[in-house]
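These protein sequences, in sequence, are chains A and B.
Using this note's numbering, you'd call the opening residue of the first sequence number 1 and step up by one each time.
Using this note's numbering, you'd call the opening residue of the second sequence number 1 and step up by one each time.
It is worth saying that the hints were derived from the structure and are not from the lab.
Where a beta carbon is used, it is the ideal one built from N, C-alpha and C, also for glycine.
Among the hints, erroneous ones may be present.
Derived lysine-lysine pairs resembling DSS-like cross-links, with alpha carbons at most 30 Å apart [claimed, not checked]:
#1 B/Lys432 with B/Lys374
#2 B/Lys118 with B/Lys204
#3 B/Lys118 with B/Lys432
#4 A/Lys178 with B/Lys201
#5 B/Lys267 with B/Lys118
#6 A/Lys178 with B/Lys119
#7 B/Lys118 with B/Lys201
#8 B/Lys344 with B/Lys432
#9 B/Lys267 with B/Lys23
#10 B/Lys118 with A/Lys178
#11 B/Lys204 with A/Lys178
#12 B/Lys344 with B/Lys119
#13 B/Lys201 with B/Lys119
#14 B/Lys267 with B/Lys119
#15 A/Lys178 with B/Lys23
Covered stretches of chain A, going by a simulated chain B footprint (3 or more residues, C-beta under 8 Å) [claimed, not checked]:
#16 146-153
#17 168-174
Some chain B residues well away from chain A (every beta-carbon gap over 10 Å; in silico) [what the hints assert, rightly or not]:
#18 Gly108
#19 Pro114
#20 Ala217
#21 Asn246
#22 Gly247
#23 Met320
#24 Gly335
#25 Thr430
#26 Leu433
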Amino acid sequence: MTEPPSPVASESLPPSPTRLRLLWLGLATVALLAVVGVVWVVGRQDVTRSQPAATHSEADAHEADAHEVEATTGDKHAGDHQPASTEHGAGNAHGGAAEDSIAEEHGAVEEHAHAEVESSAHTGEEAAHGESGGHGSEAAPVSAQTKQVVLSGVAGINLLVVLAAAFVRRQNPPRLPKYLQPQKQGSKP
Amino acid sequence: MSVQYPQSPLDGPSGILSGNLLKQRWIAATLRSRLFPGVLQWATLLVFVIIIWQLVLGPSSAHANLGTALTWVLWWPLIPIIFLAMGRFWCAICPFATISDFVQQFVGNHRPVPEFLKKYGIWIIDAMFILITWSDHVFGIVESPWGSGMLLLLLTTGVIVSGAFFQRRMWCRYLCFLGGMAGNYARTGMLALRAVPEICKTCKSGAACFNGTATSAPCPLFEFPRQMDSNANCNLCANCIKSCPNGSITLTLRAPTQELWFVRVPKFSEAFLAVVIMGIVFVQNITMLEVWQGMLGQLETWVGTTNYAVTFTISFLVAMAIPVALLGGTAWFAGKFNGESLAKNFARFGYALIPLDVAGHVAHNLFHLFAEGKAVWYTFVAFLGFVQPEGSAALLSPQTIQVLQYGLIVLGTAGSIYAAYRIGRSTYGTQKLVHSLVPYALLLLLLGVANVGLFMLPMAHRV
Numbered sequence: 001m002t003e004p005p006s007p008v009a010s011e012s013l014p015p016s017p018t019r020l021r022l023l024w025l026g027l028a029t030v031a032l033l034a035v036v037g038v039v040w041v042v043g044r045q046d047v048t049r050s051q052p053a054a055t056h057s058e059a060d061a062h063e064a065d066a067h068e069v070e071a072t073t074g075d076k077h078a079g080d081h082q083p084a085s086t087e088h089g090a091g092n093a094h095g096g097a098a099e100d101s102i103a104e105e106h107g108a109v110e111e112h113a114h115a116e117v118e119s120s121a122h123t124g125e126e127a128a129h130g131e132s133g134g135h136g137s138e139a140a141p142v143s144a145q146t147k148q149v150v151l152s153g154v155a156g157i158n159l160l161v162v163l164a165a166a167f168v169r170r171q172n173p174p175r176l177p178k179y180l181q182p183q184k185q186g187s188k189p
Numbered sequence: 001m002s003v004q005y006p007q008s009p010l011d012g013p014s015g016i017l018s019g020n021l022l023k024q025r026w027i028a029a030t031l032r033s034r035l036f037p038g039v040l041q042w043a044t045l046l047v048f049v050i051i052i053w054q055l056v057l058g059p060s061s062a063h064a065n066l067g068t069a070l071t072w073v074l075w076w077p078l079i080p081i082i083f084l085a086m087g088r089f090w091c092a093i094c095p096f097a098t099i100s101d102f103v104q105q106f107v108g109n110h111r112p113v114p115e116f117l118k119k120y121g122i123w124i125i126d127a128m129f130i131l132i133t134w135s136d137h138v139f140g141i142v143e144s145p146w147g148s149g150m151l152l153l154l155l156t157t158g159v160i161v162s163g164a165f166f167q168r169r170m171w172c173r174y175l176c177f178l179g180g181m182a183g184n185y186a187r188t189g190m191l192a193l194r195a196v197p198e199i200c201k202t203c204k205s206g207a208a209c210f211n212g213t214a215t216s217a218p219c220p221l222f223e224f225p226r227q228m229d230s231n232a233n234c235n236l237c238a239n240c241i242k243s244c245p246n247g248s249i250t251l252t253l254r255a256p257t258q259e260l261w262f263v264r265v266p267k268f269s270e271a272f273l274a275v276v277i278m279g280i281v282f283v284q285n286i287t288m289l290e291v292w293q294g295m296l297g298q299l300e301t302w303v304g305t306t307n308y309a310v311t312f313t314i315s316f317l318v319a320m321a322i323p324v325a326l327l328g329g330t331a332w333f334a335g336k337f338n339g340e341s342l343a344k345n346f347a348r349f350g351y352a353l354i355p356l357d358v359a360g361h362v363a364h365n366l367f368h369l370f371a372e373g374k375a376v377w378y379t380f381v382a383f384l385g386f387v388q389p390e391g392s393a394a395l396l397s398p399q400t401i402q403v404l405q406y407g408l409i410v411l412g413t414a415g416s417i418y419a420a421y422r423i424g425r426s427t428y429g430t431q432k433l434v435h436s437l438v439p440y441a442l443l444l445l446l447l448g449v450a451n452v453g454l455f456m457l458p459m460a461h462r463v
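Generate the whole structure from the sequences, applying the supplied hints.
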């Protein structure tokens, strides 16, 4: 890339103190709301999602939603499509899927997978092993607490970055591109 | 007050298929509208927010997650097709870019791009691409909604840092792994935005296209249309069309892959990225095949561990090294005939791999799009609160998908061989052409056959 010889011939106009204060106030409010919102939402998820996980840990999948069980015992594809699961005896479904075309069998296999929900947690773990050898490992389900911590952390880091940038900008007002410069009164757009 | 845009004095034919597309009023009006591409940017940002929401807080099973379906079944397969049709246009409406612009507008420090990024950015992109693909397999990013969500949030943080401290869209130009791939794929794109040098010579606007004006932003990817001869870093955001006071910008249709025939200054790093992408497509294909389990078992026996991170890393390195070694060997061999060094040959003819890259990428993802496409609808229904429909997620039969995949690979191979031919012809004339071309044509044929072979085997699903 070759930059043009003529640089931006714009002058920096430091923002007025009132605007800066408003900016800081706005940023702080938005940031606070964001963090509170994330924590609140994740906390709520904690209440609504902890039940299936507990069910899984007790290996009593009868009452749990089938998809949740699939998620907690390993990706269903492990049981459906990966040869490893056949070896572990969890995947009669896989045997069928391997012989027939995968896409056509997807629905049928899926139903079979639902039927297999009644199988033990041990079987599910083996299915997860099959997946881990297939296309990356399906990690253990992430607890709501972990989500809460990670999401709050990410929100916090982003917030810090934004606040740091605002602080640096206040200390050293940059040369703004023309389209971001305040228009002088009476000037044509 | 409406802005009057002058007509280019170099008016050619005004048909859609020939000449300057900006001669079409509706196209020019659309691109010059203040709403373009903002409306699309905000729309994609809205979808992005829904995706993130679903990935991190939605169902933990990829099968039931709308975010996973939208990202890996719909968007990822469509993205190379968009690059082929419209170059890097996706980058103009990418939610990451919108976030960067938004942050920049309010707290941006507009620092210049660090020199090392200008120099080594493409290598960082190469490394990021490899690292993300490796992480996907080892940590199961695609299969895990949470993992996918974390990847997107991690990238968002990078984008925010970039937008908060540096000029324009530094992230997109110098760091985004998708941007790197987009830059390569966009060279095959059928839309080309260029400036007319004769008009630019008389320009007195102080490079308004590069610097922007009071009403339009500068080129976000640091391109100077006057000197631009590649689509690699043009995202068709139309800022330059809006800011050019002389009507110098043209938008033309061209044959796919045409740009690859005349790369003036071939860069080793860009050629290397093309080969890396070939390796990544191989890895993606091989690990989704059912024979992969057998290969993995064999490898576990050899290395004496069942640790997947170890065995996959070895397989990954081998799969990545094969295309690099093949192109390196071919470049060395061709150098015997055309008298150029291995590095020069590698850089010059590495670009010829791009059509096959695109074809392989599209063909691989065609499977996910057509064999799992209904998952997007199923998960969307569930997202709205209804009972998720059950049944096959396939839109087409596996046989039909395979035929499409073979067709694409044949087209890609032909496109690559033709690109190698044109590169050879424009570089060496007719004298050394045959001797230079034959090794590369054989290599491309081999890679094409290998791709077809991979697509003949059954593949696993994503959702």
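Here is what the structure says about each hint:
1. B/Lys432 with B/Lys374: Violated, because 52 Å separates the two Cα atoms, which is more than 30 Å.
2. B/Lys118 with B/Lys204: 28 Å, holds
3. B/Lys118 with B/Lys432: 35 Å, violated
4. A/Lys178 with B/Lys201: OK: A/Lys178 and B/Lys201 at ~23 Å, within 30 Å.
5. B/Lys267 with B/Lys118: At roughly 13 Å apart (the allowed maximum being 30 Å), B/Lys118 and B/Lys267 satisfy the hint.
6. A/Lys178 with B/Lys119: Answer holds: A/Lys178 to B/Lys119 is near 27 Å, not above 30 Å.
7. B/Lys118 with B/Lys201: Distance of about 27 Å is within 30 Å: holds.
8. B/Lys344 with B/Lys432: 15 Å, holds
9. B/Lys267 with B/Lys23: 34 Å, violated
10. B/Lys118 with A/Lys178: 24 Å, holds
11. B/Lys204 with A/Lys178: 17 Å, holds
12. B/Lys344 with B/Lys119: It holds: about 18 Å lies between the C-alpha atoms, which stays within 30 Å.
13. B/Lys201 with B/Lys119: 28 Å, holds
14. B/Lys267 with B/Lys119: Judged against 30 Å, a Cα distance of about 12 Å means the pair holds.
15. A/Lys178 with B/Lys23: Judged against 30 Å, a Cα distance of about 28 Å means the pair holds.
16. 146-153: With 3 residues close enough to chain B, the hint holds.
17. 168-174: holds (count 4)
18. Gly108: Non-interface label on B/Gly108 violated, nearest chain A Cβ at 7 Å vs cutoff 10 Å.
19. Pro114: 14 Å, holds
20. Ala217: The assertion about B/Ala217 is violated, with a minimum of 5 Å to chain A.
21. Asn246: B/Asn246 is indeed farther than 10 Å from all Cβ atoms of chain A, at 15 Å.
22. Gly247: 18 Å, holds
23. Met320: 16 Å, holds
24. Gly335: 29 Å, holds
25. Thr430: It holds; B/Thr430 is separated from chain A by about 32 Å at its closest Cβ, greater than 10 Å.
26. Leu433: 31 Å, holds
Consistency note: the structure conflicts with the earlier hints numbered 1, 3, 9, 18 and 20.
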